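**Q** Chain by chain, the residues run as shown.
Number of protein chains: 2
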Amino acid sequence: MQIEKEILALNAYDPQAAKPSDEQTRRAVERRLGTFGQGAVLFYREPIEAVSAEGVWIQGADGRRYLDVYNNVPSVGHCHPRVVEAIRQQVGRLNIHTRYLNAVVDDYAERLLATLPEAIGNLVLTCTGSEANDLALRVAQAATGGTGFIVSEMAYHGNTAAVTDISPSSRPGRPLAPHVRTVPAPDSYRKPDEHPGEVMAAAVMAAIKEMASKGIRFAGMIADTIFSSDGVHADPPGLLAPVIAAVHAQGGLFIADEVQPGFGRTGDALWGFQRHGIVPDIVTMGKPMGNGFPMGGMALRPDLLAAFNARDKYFNTFGGNPVAAAAGLAVLDVIREEGLIENARDVGRYLRDSLREIANRHLAIGEVRGAGLFIGLEFVTDRESKTPAPETASAMINGLRERGVLIGAAGAYGNTLKIRPPLCFRREHADTFVDHCDAVLGQIRG
Amino acid sequence: MQIEKEILALNAYDPQAAKPSDEQTRRAVERRLGTFGQGAVLFYREPIEAVSAEGVWIQGADGRRYLDVYNNVPSVGHCHPRVVEAIRQQVGRLNIHTRYLNAVVDDYAERLLATLPEAIGNLVLTCTGSEANDLALRVAQAATGGTGFIVSEMAYHGNTAAVTDISPSSRPGRPLAPHVRTVPAPDSYRKPDEHPGEVMAAAVMAAIKEMASKGIRFAGMIADTIFSSDGVHADPPGLLAPVIAAVHAQGGLFIADEVQPGFGRTGDALWGFQRHGIVPDIVTMGKPMGNGFPMGGMALRPDLLAAFNARDKYFNTFGGNPVAAAAGLAVLDVIREEGLIENARDVGRYLRDSLREIANRHLAIGEVRGAGLFIGLEFVTDRESKTPAPETASAMINGLRERGVLIGAAGAYGNTLKIRPPLCFRREHADTFVDHCDAVLGQIRG
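Just so you know, the protein sequences line up as chains A and B, in that order.
Under UniProt numbering, the first residue of the first sequence is numbered 1, with each subsequent residue one higher.
Under UniProt numbering, the first residue of the second sequence is numbered 1, with each subsequent residue one higher.
Any given hint could be a false lead.
To be verified - Taking lysine to any residue pairs in the SDA-like style, the calculated list, with each CA pair at most 20 Å apart, reads:
id : chain 1 : residue 1 : chain 2 : residue 2
1  : B       : Lys313    : A       : Val41
2  : B       : Lys313    : A       : Ala61
3  : B       : Lys313    : A       : Pro172
4  : A       : Lys209    : A       : Pro172
5  : B       : Lys313    : A       : Ala161
6  : B       : Lys313    : A       : Gly145
7  : A       : Lys313    : B       : Val41
8  : B       : Lys209    : B       : Glu198
9  : A       : Lys19     : A       : Ala61
10 : B       : Lys313    : A       : Leu176
11 : A       : Lys313    : B       : Arg171
12 : B       : Lys313    : A       : Arg99
13 : B       : Lys313    : A       : Arg171
14 : A       : Lys313    : B       : Arg427
15 : A       : Lys313    : B       : Lys313
16 : B       : Lys313    : A       : Ala177
17 : B       : Lys313    : A       : Arg45
18 : B       : Lys313    : A       : Lys209
19 : A       : Lys313    : B       : Gln16
20 : B       : Lys313    : A       : Gly37
21 : A       : Lys313    : B       : Pro172
22 : A       : Lys313    : A       : Gly145
23 : B       : Lys19     : A       : Arg45
24 : B       : Lys313    : A       : Ala12
Hints were generated in silico from the structure; no laboratory data involved.
Please read these numbers as outputs of a predicted model, since none were measured by experiment.
Construct the complete structure from the given sequences, taking the supplied hints into account.
**A** Okay, here's the thing in structure tokens:
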């Protein structure tokens with residue numbers, strides 16, 4: 001797990017290393033370090049100063065424009081005019097908490113719940129996915145009387161104290177919290193099991209049993225339904241069906257963390273869990289929900305919210321404010337009207353096919369996988385040993401940056417590119433990306 | 001503590017009680033209950049549907065406008081044109097995380113840190129005050145090696161799992177978490193000690209000693225520097241000086257929670273802790289920071305951030321985005337250019353004087369206290385026994401609502417009105433408020 005720190009070191013700017021080559025960036029980096037201090041983390045060996053953005057493009061202060069193949073928050077496109085206009089109108093009209101009634105908020109809540117399975121009938125709006133997951137854990141505890149949670153080995157579920165405890169990828173080199181157990185994520189490349197769902201379900205059962213032997217009662221399992229921080233594992237569709245059955249059989253709840261796969265990214269449907277044909281007990285959401293406007297949420301079965309409310313109250317000052325609701329409504333409109341789920345499916349498939357084509361020439365590519373516009377591109381030193389090659393991923397990240405393409409890495413070994421551009425990414429953008437990948441791979445191995 | 005639930009029941013809409021009298025509100029309430037379910041909490045026996053707001057006024061769907069004497073989030077005034085314009089411009093230009101450089105973010109970070117004592121040299125931007133406090137606890141734990149925290153008896157520090165543990169007012173009827181101890185807030189009315197700072201310092205020392213006897217190492221004390229949820233206790237200035245000395249003597253950190261008193265509200269200075277002449281180790285902020293745009297932050301000594309970063313990393317996706325930074329900059333500009341700190345001081349004093357004047361006629365008023373535009377108005381059944389009168393507070397809240405004035409309550413007994421209007425509240429608004437208070441009190445007792 002220690003490797004996570006190395007990944008960061010490989011892909012991020014290192015203040016101890018050489019200073020940026022141009023004067024403006026050098027000054028900007030100094031300003032940032034002067035205020036954010038040790039908390040400052042900047043992408044790339046040579047950081048980028050951004051001044052504006054539109055669609056799939058970010059404009060740098062260096063006069064260059066960068067193709068964004070990484071950012072999943074501005075999911076319907078950077079500064080989408082529809083979302084921008086919705087925010088501009090509402091922010092001048094009313095921005096207040098939910099203890100007064102407001103029709104915009106109710107419109108949004110109804111629209112959002114209508115996209116979810118009928119059993120998931122209530123909604124709590126927060127400001128971030130972290131807040132939503134933090135609350136979901138408390139709901140699961142209240143509803144089950146348990147405290148134990150199961151997550152995947154490299155799970156990331158946010159940044160509060162409680163969700164950091166259930167995020168092994170945020171605790172490199174440290175033992176798991178006592179109430180947390182992990183199960184391996186599916187891995188079509190290194191563990192091509194015939195029945196990965198059954199394998200995971202068995203691991204879940206074993207973890208619950210082991211927990212019980214330590215006197216810890218099982219509360220639930222939380223999973224990012226595309227296992228992004230484990231390296232992007234979407235396949236096979238349906239794999240979570242036996243897993244949720246095991247969770248329910250043991251009296252636990254299944255929390256689908258849709259912060260990454262939600263809002264159309266997987267190209268199958270609006271929600272990542274729909275790829276697996278399951279109905280979670282709780283669904284949490286964040287990042288793309290407002291296309292960058294800070295908002296998150298937890299949708300759940302009404303009986304679970306009632307169980308929580310019997311003991312606790314939850315109120316979020318900014319959560320569900322009308323500006324967030326207006327942004328959220330615009331995002332849902334744009335996804336539907338611009339056919340972004342279909343686009344994610346089409347361009348995603350096209351992009352995976354194109355990457356597999358260049359994989360014929362570039363043996364460093366171990367596997368191309370994913371769903372919709374969430375693709376993992378895994379690098380190895382050779383295809384026989386499948387030895388992870390994080391240095392190739394790092395060289396790709398920094399090489400692509402030099403060529404004006406923004407990308408990042410994920411996975412336990414840091415050797416997998418996390419390809420998740422705004423959903424308005426078109427075939428021509430995919431072509432540009434693949435051409436640059438081809439060129440950088442040629443340089444690395446040349 | 002069970003009384004907190006009763007306060008809510010007294011002041012909030014009760015779905016089990018009579019339905020709202022007009023058809024539109026009835027439908028709006030039904031919609032809200034249909035999505036938010038048991039999590040729906042609406043102010044007043046007769047809820048209000050808000051459609052727009054400006055300055056100190058909220059426009060209702062019922063065609064009435066309400067004088068806002070309660071909301072401290074739209075602190076420089078509802079929909080302040082300067083803040084609205086800053087958001088409108090930036091949201092169409094760039095809205096991205098802090099792993100790319102951006103000058104607006106650096107401008108804000110520098111401007112904000114310049115308002116704080118020099119020792120507090122670093123900043124971490126979050127989306128909410130809850131996130132900031134959650135992180136501050138982790139920093140204090142990392143820097144001290146301790147886990148124990150001291151808070152005031154009715155403290156409220158936010159809504160994540162970790163900060164709910166240190167928020168006794170959120171846990172009515174439940175024992176404190178094992179790592180938490182409370183000390184009484186100062187109380188000029190019921191405990192008019194000559195030296196409340198020394199009294200609190202002694203209580204802190206005793207709590208640390210008791211903690212140690214249970215094997216719990218002290219990490220720090222966190223306090224809202226105006227003790228709002230304890231009933232608004234600002235006096236005497238300087239009272240926290242012996243307290244922070246005690247905390248430091250025992251190796252702990254002092255976290256000033258400025259979510260309520262910060263950004264000019266107390267009329268003394270930009271920060272509540274400045275009233276007490278202290279330099280905290282960590283300062284957290286939220287609510288008024290972006291005048292409603294979801295943002296929060298933690299400013300701290302660089303050595304503390306370094307201690308945290310040696311073990312943990314923290315990244316907040318939406319935290320410090322350029323739209324939040326633009327909103328934050330506009331808020332700082334407006335506070336200075338419109339002289340809102342001076343206005344809070346002047347109008348606050350005028351309002352307290354006016355309330356004390358009507359207290360000559362209305363014996364239900366036990367005490368008028370506070371600083372700047374954060375005022376506590378405490379009701380009692382009689383002045384001899386000082387028996388708390390939450391029913392009077394509730395009658396005031398609902399009576400004022402009927403007269404078009406918005407207010408709420410706080411404190412252990414729920415008998416104290418929490419008066420904290422937007423900081424652009426003028427003397428004429430104070431007159432209106434006091435006239436209505438006078439009238440409602442006359443009706444209640446009449």
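**Q** Mind listing which of the numbered hints don't hold for this structure, in increasing order?
**A** 2, 4, 6, 12, 14, 15, 18, 23
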